[in-house]
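Undergrad: Take a look at the letters that make up each chain.
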Amino acid sequence: MITEPFELHRPANLDEALAIKAETGDDSAWYAGGTELLLAMKMGVMAPDHLIDIKRLSGFTGVEVNDGTIVVNGAATHADIIRATAGRPEWESLNALFRGVGNSRVRASGTLAGNLAFAEPRSDPACYLAAVGATVTLASSGGATRSIPMDEFIVGPYTTQLEDTELIVKVEIPRPSEIVYSRFKTLERPTVGVAVARGPELDTARVVVGAGTYAPTVCQRATAALASGESPRQIGELAAEEVEFMEDVTGSADYKAHLVTVLLERAIRQLSEEVGA
Amino acid sequence: MEDVFTREMKLASPDGLWDLVHDVEALAACSAYVSDVTESEGGWQASLVSKVGPFKLEAPLFVEIVNEREMESIDVRARGEDTRVGTRLSVDATLELQPSQNRAVLNGRYEVTGSVANLGSAVVRRHAKQMIDDFWKNLERKVGDG
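Protein chains in written order, with the working numbering: chain P, 1 to 277; chain R, 1001 to 1146.
Calculated from the structure, these hints are not laboratory results.
Incorrect hints may appear among the rest.
To be verified - For lysine-lysine, the following BS3-like pairs were computed, each having C-alpha atoms within a straight-line distance of at most 30 Å: (1) R:LYS1129 / R:LYS1051; (2) R:LYS1056 / R:LYS1137; (3) R:LYS1056 / R:LYS1142; (4) R:LYS1056 / R:LYS1129; (5) R:LYS1142 / R:LYS1051; (6) R:LYS1051 / R:LYS1137; (7) R:LYS1129 / R:LYS1142; (8) R:LYS1129 / P:LYS185; (9) P:LYS42 / P:LYS55; (10) P:LYS42 / P:LYS185; (11) R:LYS1137 / P:LYS55; (12) R:LYS1051 / P:LYS185; (13) R:LYS1056 / P:LYS42; (14) R:LYS1010 / R:LYS1137; (15) P:LYS55 / R:LYS1142; (16) R:LYS1129 / P:LYS42; (17) P:LYS42 / R:LYS1142; (18) R:LYS1010 / R:LYS1129; (19) R:LYS1010 / R:LYS1142.
Fair warning: this is a prediction, and the values are worked out from it, not measured in the lab.
Given the sequences, and given the hints that come with them, work out the whole structure.
TA: This is the structure:
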């Protein structure tokens, strides 16, 4: 399908990009990897009058690996993250997560910021990043910035706290002491995803369920149960009770609740085995 | 995709709801998604704007009363189409008054066809529920018994 006509803007720097966005508001869309946006436009679900290309903004690409934290800039691709963390055992789980995103074409051109901003519910990174306590930094015209914890950033399917005039400029990902991310996937996107993280930087632990839910959900009761040493099965069952599952072509709510119970049980056992090893 | 909906409320007085239903501007003000209501031949024209994240639906709506029984029930039909994103929507609803119990019951059915339905039935259904809940909550604030 051919897209509706649009005007393409290629600003030279971030200030210029934000000024265009401030002027065009929700009549425009940010264009970086385009892996979700162009698909939506070709399907006819989105028809923005303006596209603002942010791929060439100076200083807006790249990944910085620091001691205990990774900073992913706004136009950094999934492949950039894979390259930056390759050969670093302390970032293996993050590396594995991004190796599993989409296909090689998506990883080469799609950006993490775009993935989070689009907030497709059946996505891997948001669930993992909510578990490890990542932070999303947004900027708007005039130099204003604000940072939002990942577990609060996505509020529903395709819906985030991002205002029409804002842009994700970076995502900061801390390295947790322990993390296991697991998913069940039969089609293009995951049916459910679960993440279990543990470490002093997270106030001991965090259990998150995503992909089969409307938004990644930190399961408070399951998290408390993990911290207090309940059995993996009980933690899985608690998490499955806590979240609202999305019923779709990949399965019913009951089916997804069962998957979450099993995946979490296995993830927690794996976490314990890794610690034991 | 299509779905049905039902809502109930306890009324302060059945007259209050009946009057509000016939004050179309006040009724439209109960929905944050509907604006620019004007009388048109056989009904009303209005504008519907609804967003799910970056997805925006902007459709002119035509609303008409299909059937009305004084202080008993009113059947309403709404039809709209956003030609830019190729999506059609229709709503058929009946508002029933139960004066003896000071209650009102809304029963309806909606259908969304075209590209927006590609977002998935779970997402569309959740958003539609939110739109109906918001409308019903605002209506209840005006004429409900609370």
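Undergrad: With reference to the structure, classify each hint as holding or not holding.
TA: Each hint, compared with the structure:
1. R:LYS1129 / R:LYS1051: 14 Å, holds
2. R:LYS1056 / R:LYS1137: Given pair R:LYS1056, R:LYS1137 holds - Cα atoms ~23 Å apart, limit 30 Å.
3. R:LYS1056 / R:LYS1142: 29 Å, holds
4. R:LYS1056 / R:LYS1129: 17 Å, holds
5. R:LYS1142 / R:LYS1051: With Cα atoms ~25 Å apart, R:LYS1142 and R:LYS1051 stay inside 30 Å; holds.
6. R:LYS1051 / R:LYS1137: Judged against 30 Å, a Cα distance of about 19 Å means the pair holds.
7. R:LYS1129 / R:LYS1142: 20 Å, holds
8. R:LYS1129 / P:LYS185: The given pair, whose Cα atoms are some 28 Å apart, holds under the 30 Å limit.
9. P:LYS42 / P:LYS55: The given pair, whose Cα atoms are some 20 Å apart, holds under the 30 Å limit.
10. P:LYS42 / P:LYS185: 25 Å, holds
11. R:LYS1137 / P:LYS55: Outside the cut-off at roughly 44 Å; violated.
12. R:LYS1051 / P:LYS185: Roughly 29 Å between the alpha carbons, so the hint for R:LYS1051 and P:LYS185 holds.
13. R:LYS1056 / P:LYS42: 15 Å, holds
14. R:LYS1010 / R:LYS1137: Distance of about 12 Å is within 30 Å: holds.
15. P:LYS55 / R:LYS1142: Violated. P:LYS55 to R:LYS1142 sits at ~50 Å, over the 30 Å cutoff.
16. R:LYS1129 / P:LYS42: Status holds; Cα separation ~27 Å.
17. P:LYS42 / R:LYS1142: With Cα atoms ~43 Å apart, P:LYS42 and R:LYS1142 exceed 30 Å; violated.
18. R:LYS1010 / R:LYS1129: Holds, because 20 Å separates the two Cα atoms, which is no more than 30 Å.
19. R:LYS1010 / R:LYS1142: 12 Å, holds
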